[in-house]
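For the protein sequence lines, the chains are L and H, in the order given.
For any residue, its number in the numbering used here is found by taking its place in the first sequence, counting from 1, and adding 11.
For any residue, its number in the numbering used here is found by taking its place in the second sequence, counting from 1, and adding 11.
Warning: the hint list may mix true and false statements.
Which copy is meant is left open, so a pair is good if it fits within one copy or across any two.
[Said to hold, decoys possible] As a list, the in silico SDA-like pairs of lysine to any residue whose alpha-carbon atoms are at most 20 angstroms apart:
hint, residue 1, residue 2
1, 250, 32
2, 250, 36
3, 50, 296
4, 250, 168
Think of the hints as simulated: they come from the structure by calculation, not from any bench.
Since the model is a prediction, treat every value here as computed from it, not as a measurement.
These are the residues of each chain, in order.
Number of protein chains: 2
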Amino acid sequence: MERIARDIDHAFDLLLAIPDDPRRRLYEAMRYAAIGGGKRLRPLLVCASCDLYAVDGPAALRVATAIECIHVYSLVHDDLPAMDDDDLRRGKPTVHRAFDEAAAILAGDALHALAFEVLADPATHADPFVRSELCLELARAAGPSGMAGGQMMDLAACAAPMDLATITRLQQLKTGALFGFCLESGAIMGRVPPEGRTHLRGYARNIGLAFQIIDDLIDVEGSAEAAGKAVGKDAAAGKATFVSHLGVERAREQARLLVDQAIEHLTDHGAEADLLRAIAGYIIDRDR
Amino acid sequence: MERIARDIDHAFDLLLAIPDDPRRRLYEAMRYAAIGGGKRLRPLLVCASCDLYAVDGPAALRVATAIECIHVYSLVHDDLPAMDDDDLRRGKPTVHRAFDEAAAILAGDALHALAFEVLADPATHADPFVRSELCLELARAAGPSGMAGGQMMDLAACAAPMDLATITRLQQLKTGALFGFCLESGAIMGRVPPEGRTHLRGYARNIGLAFQIIDDLIDVEGSAEAAGKAVGKDAAAGKATFVSHLGVERAREQARLLVDQAIEHLTDHGAEADLLRAIAGYIIDRDR
């Protein structure tokens, strides 16, 4: 995780060289949001997926950087006053606090476009079919039928409490869709057709939900210092979550079950899936 | 223009079918922003560019829809209170007024992703190289080295008045980059290599600047009713524009010169460039 974090920081440092004109502030806000901090879990999932199909390191890193662009942009916009109104992210002031709201909106938008600029570049993969499939799948995962749709459901969750099935669907969109892209990206670059990726989608769905349950638990039990962001927000907002429905004990049990199921999906793989197995274990044990 | 407006509305109607779940509000906000109203100038430019290289109609319409997704998302975010704080757009309340700020942020983000979902889809073009080049060029035009960069320069323009060269650079990024994509899109689908597109970039640069000068003139001389948005905003904000630098008469003269130069770039084309010539004329005569 330390190595991938270093590699992603380095990639952003190169991509976001500050220009000597009035765009400077945009690049500074993008760098502030993108460089340093964060678990880099999605980039790690991309690399683990690439391990399965012997995809080379530079290609994996570019796709990992693109997915992190999308993740970071979504955090920057999510933290805005009109959305979750958060002051703290990854242990430092949120972008609209450190800069201003306009810079945060634009930095998010610019990171969003940058993701596709990175993916569609021939430097990512020599095969244009692979590049265009990566763009299509990432756009689907980020758009209205994926992450953006899940975020709108999340906003609605405070207004009208949701049942467990609806929360599951919400989280499958909000975080699951991007996890799904991470897992499929290695298969896309390894030219595995969609019907050969069922187990990857299954793994992604299971660890996505487990990840969200642990997130809910951190919000209930964790400290802001360890989490690097405010905690206790769901209860304060009266928001229905996995934990508010199941209670702490059963929620943790459920997360454990999901992680076991995730690992089950990897039975046809040997040692090349060890990183994915280790990530599944990390997800349940993390405290941030 | 009426036909392309109808086609674009129809395309958005199909793309944005409202789902029967809590994402409904997101789709409603996207439809509100995207359907009805607007000059659809960028889609028209895409179609005119496709005329040059005999690109078929359905492909042109999909690329035209994608670029309009980007344009609409940029308007929705631009109108936000933290940005230009506008209440009126295309003759009706802005998205954050008709819905709320969170819906406007998310609807913009979702339209942004949708643009790439449309472009990267095999339904747009059978050749994956064409699809990936379209994604790459649109991402560049929309991102930090294009539109988003220009918007940040625009925000800085109120803080520190800019000289004419800086305003030109600002506008080339803010509106010119997307115009450039529109013009190149037909050439990309017609498999014309970059070195054969110089005249298209020249035309785009010239009409982009002319378009912006007329925009500045509408802000000075126009009525909110005809423009469908607030006018007199630049002067109220003390913002340096082409018109504040050149005055009304010389600015209009300059726009005319730019349009003449734009048409000059088309000399190697025959009747297949007539739509581009007509658009250049429209740009100077428009009142909204």
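Hint check results:
no.: 1; hint: 250 with 32; in the structure: between (44 angstroms within a copy, 18 angstroms between copies)
no.: 2; hint: 250 with 36; in the structure: between (36 angstroms within a copy, 19 angstroms between copies)
no.: 3; hint: 50 with 296; in the structure: within (13 angstroms within a copy, 54 angstroms between copies)
no.: 4; hint: 250 with 168; in the structure: within (6 angstroms within a copy, 42 angstroms between copies)
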